[in-house]
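> Sequence:
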Amino acid sequence: MRHISDQGRAILVTGAANGIGAAVAERAIALGHRVMLTDVDEDAVLARARALGPRTAACALDIRSAEGWRTAFETAEAAFGVVDVLVNNAGITHTGHARDLSPRQHRDIVEINLLGTITGVCTALERMTAQGHGHIINVCSMTSFLPLPGYATYCGTKHGLRAFHHSVAIEERDGPLDFTIIHPPSTRTGMLDQEMDDPSCAISFAEKSYAPEQIAEAVVDAVAAKPAEVVFPPLAGRVQRIAGVFPRLMRRVIPLAEARGLRQREKLLTARSAS
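At position 227 of the sequence shown the residue is numbered 227 (the working numbering), and the sequence of numbers has no breaks.
Read the hints as simulated data drawn from the structure, not as lab findings. Keep in mind the model is a prediction, meaning the values are calculated, not measured. Certain hints may be false.
Listed next, with one range per pair, are the computed distances between beta-carbon atoms [what the hints assert, rightly or not]:
hint: 1; residue 1: A271; residue 2: E67; range: 31 to 37 Å
hint: 2; residue 1: E172; residue 2: E67; range: 35 to 41 Å
hint: 3; residue 1: A66; residue 2: A211; range: 29 to 35 Å
hint: 4; residue 1: P199; residue 2: P247; range: 21 to 27 Å
hint: 5; residue 1: E74; residue 2: K267; range: 44 to 50 Å
hint: 6; residue 1: P247; residue 2: D100; range: 21 to 27 Å
hint: 7; residue 1: L31; residue 2: R263; range: 37 to 43 Å
hint: 8; residue 1: P176; residue 2: R263; range: 48 to 54 Å
hint: 9; residue 1: G32; residue 2: D100; range: 43 to 49 Å
hint: 10; residue 1: A274; residue 2: L249; range: 35 to 41 Å
hint: 11; residue 1: A211; residue 2: R263; range: 20 to 26 Å
hint: 12; residue 1: D221; residue 2: D198; range: 40 to 46 Å
hint: 13; residue 1: R104; residue 2: G81; range: 39 to 45 Å
hint: 14; residue 1: A259; residue 2: E172; range: 30 to 36 Å
SDA-like cross-link-like pairs, simulated, lysine to any residue; straight-line CA separation at most 25 Å [as the list claims (entries may be wrong)]:
hint: 15; residue 1: K226; residue 2: Q194
hint: 16; residue 1: K226; residue 2: H94
hint: 17; residue 1: K226; residue 2: L125
hint: 18; residue 1: K208; residue 2: K267
hint: 19; residue 1: K226; residue 2: E213
hint: 20; residue 1: K208; residue 2: Q194
hint: 21; residue 1: K226; residue 2: P149
hint: 22; residue 1: K208; residue 2: G132
hint: 23; residue 1: K226; residue 2: Y210
hint: 24; residue 1: K208; residue 2: I170
hint: 25; residue 1: K226; residue 2: G132
hint: 26; residue 1: K208; residue 2: M191
hint: 27; residue 1: K267; residue 2: D198
hint: 28; residue 1: K226; residue 2: E126
hint: 29; residue 1: K208; residue 2: H97
hint: 30; residue 1: K226; residue 2: C122
hint: 31; residue 1: K267; residue 2: Q194
hint: 32; residue 1: K208; residue 2: T95
hint: 33; residue 1: K226; residue 2: T123
hint: 34; residue 1: K208; residue 2: S273
hint: 35; residue 1: K208; residue 2: E229
hint: 36; residue 1: K226; residue 2: G175
hint: 37; residue 1: K267; residue 2: P149
hint: 38; residue 1: K208; residue 2: C122
hint: 39; residue 1: K208; residue 2: P185
hint: 40; residue 1: K267; residue 2: P247
Cβ atoms here follow ideal geometry from the backbone N, Cα and C, with glycine treated the same way.
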């Protein structure tokens with residue numbers, strides 16, 4: 001593995017073959033950082049790293065695997081000497097109402113979105129504490145505040161991740177590490193394309209969606225600013241955080257948003273068919 005001269009921070013990004021992770025890697029490289037790209041799709045992540053140029057390294061990573069995490073950190077350390085920042089971005093969803101998903105699908109969502117991310121955080125805690133510095137950034141979701149129909153288990157993992165993240169940050173308050181959690185809204189990735197094909201996920205289309213590059217800007221800005229929590233976009237995030245603490249209000253308002261999402265989804269499907 002080649003060694004790369006020190007320039008900016010060395011950042012390990014999960015789920016970096018496509019979507020938000022790829023956009024984070026691209027923006028970080030543009031700003032002078034070095035990036036270790038990881039993804040469960042080895043061919044795709046290696047191709048992405050080659051396209052981004054010499055300040056990258058890449059390897060396959062199934063975030064459910066503790067051994068895989070150790071290998072990813074070792075590969076990054078061999079390339080860059082250190083991992084300054086972990087961006088935990090990888091995640092999945094299976095669309096549909098909870099009663100319609102199989103036990104395996106529920107388990108997949110939990111094992112990847114929650115347990116896999118926890119494994120990565122714990123790996124980073126050990127290695128970054130030993131080196132005396134580090135910054136853990138968990139890319140979570142606006143659904144960590146607001147439960148949504150069609151996403152029951154997904155929302156559960158995001159609520160759990162936020163609680164885990166802040167608990168660890170408090171536990172480690174006297175240590176050398178920084179912690180940031182970021183909550184993006186509906187984002188135009190392959191996951192959103194998957195959701196468009198399932199009417200049970202119509203609520204995803206009730207509000208404006210954002211490009212991965214917009215989320216990546218918030219993530220990479222956090223590398224320098226080190227905020228405790230970022231909700232994007234800020235105004236919509238405040239509204240959702242407030243609504244999330246009033247269950248009766250949610251049960252009245254969310255069906256209205258779901259109906260709006262169904263109408264918008266039909267428009268998008270019509271436009272897609274016409275193109």
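> Hints first: check each against the structure and report whether it holds.
Each hint, compared with the structure:
| no. | hint | result |
| --- | --- | --- |
| 1 | A271 to E67: 31 to 37 Å | violated (45 Å) |
| 2 | E172 to E67: 35 to 41 Å | violated (24 Å) |
| 3 | A66 to A211: 29 to 35 Å | holds (34 Å) |
| 4 | P199 to P247: 21 to 27 Å | holds (24 Å) |
| 5 | E74 to K267: 44 to 50 Å | holds (49 Å) |
| 6 | P247 to D100: 21 to 27 Å | holds (23 Å) |
| 7 | L31 to R263: 37 to 43 Å | holds (40 Å) |
| 8 | P176 to R263: 48 to 54 Å | holds (51 Å) |
| 9 | G32 to D100: 43 to 49 Å | holds (47 Å) |
| 10 | A274 to L249: 35 to 41 Å | holds (38 Å) |
| 11 | A211 to R263: 20 to 26 Å | holds (22 Å) |
| 12 | D221 to D198: 40 to 46 Å | violated (33 Å) |
| 13 | R104 to G81: 39 to 45 Å | holds (40 Å) |
| 14 | A259 to E172: 30 to 36 Å | violated (44 Å) |
| 15 | K226 to Q194 | violated (33 Å) |
| 16 | K226 to H94 | violated (32 Å) |
| 17 | K226 to L125 | holds (16 Å) |
| 18 | K208 to K267 | holds (14 Å) |
| 19 | K226 to E213 | holds (19 Å) |
| 20 | K208 to Q194 | holds (17 Å) |
| 21 | K226 to P149 | violated (33 Å) |
| 22 | K208 to G132 | violated (41 Å) |
| 23 | K226 to Y210 | holds (22 Å) |
| 24 | K208 to I170 | violated (34 Å) |
| 25 | K226 to G132 | holds (16 Å) |
| 26 | K208 to M191 | holds (15 Å) |
| 27 | K267 to D198 | holds (14 Å) |
| 28 | K226 to E126 | holds (20 Å) |
| 29 | K208 to H97 | holds (23 Å) |
| 30 | K226 to C122 | holds (19 Å) |
| 31 | K267 to Q194 | holds (16 Å) |
| 32 | K208 to T95 | holds (20 Å) |
| 33 | K226 to T123 | holds (20 Å) |
| 34 | K208 to S273 | holds (21 Å) |
| 35 | K208 to E229 | holds (21 Å) |
| 36 | K226 to G175 | holds (15 Å) |
| 37 | K267 to P149 | holds (20 Å) |
| 38 | K208 to C122 | violated (35 Å) |
| 39 | K208 to P185 | holds (9 Å) |
| 40 | K267 to P247 | violated (30 Å) |
Going down the numbered hints, you'll see the structure goes against 1, 2, 12, 14, 15, 16, 21, 22, 24, 38, 40, while the others check out.
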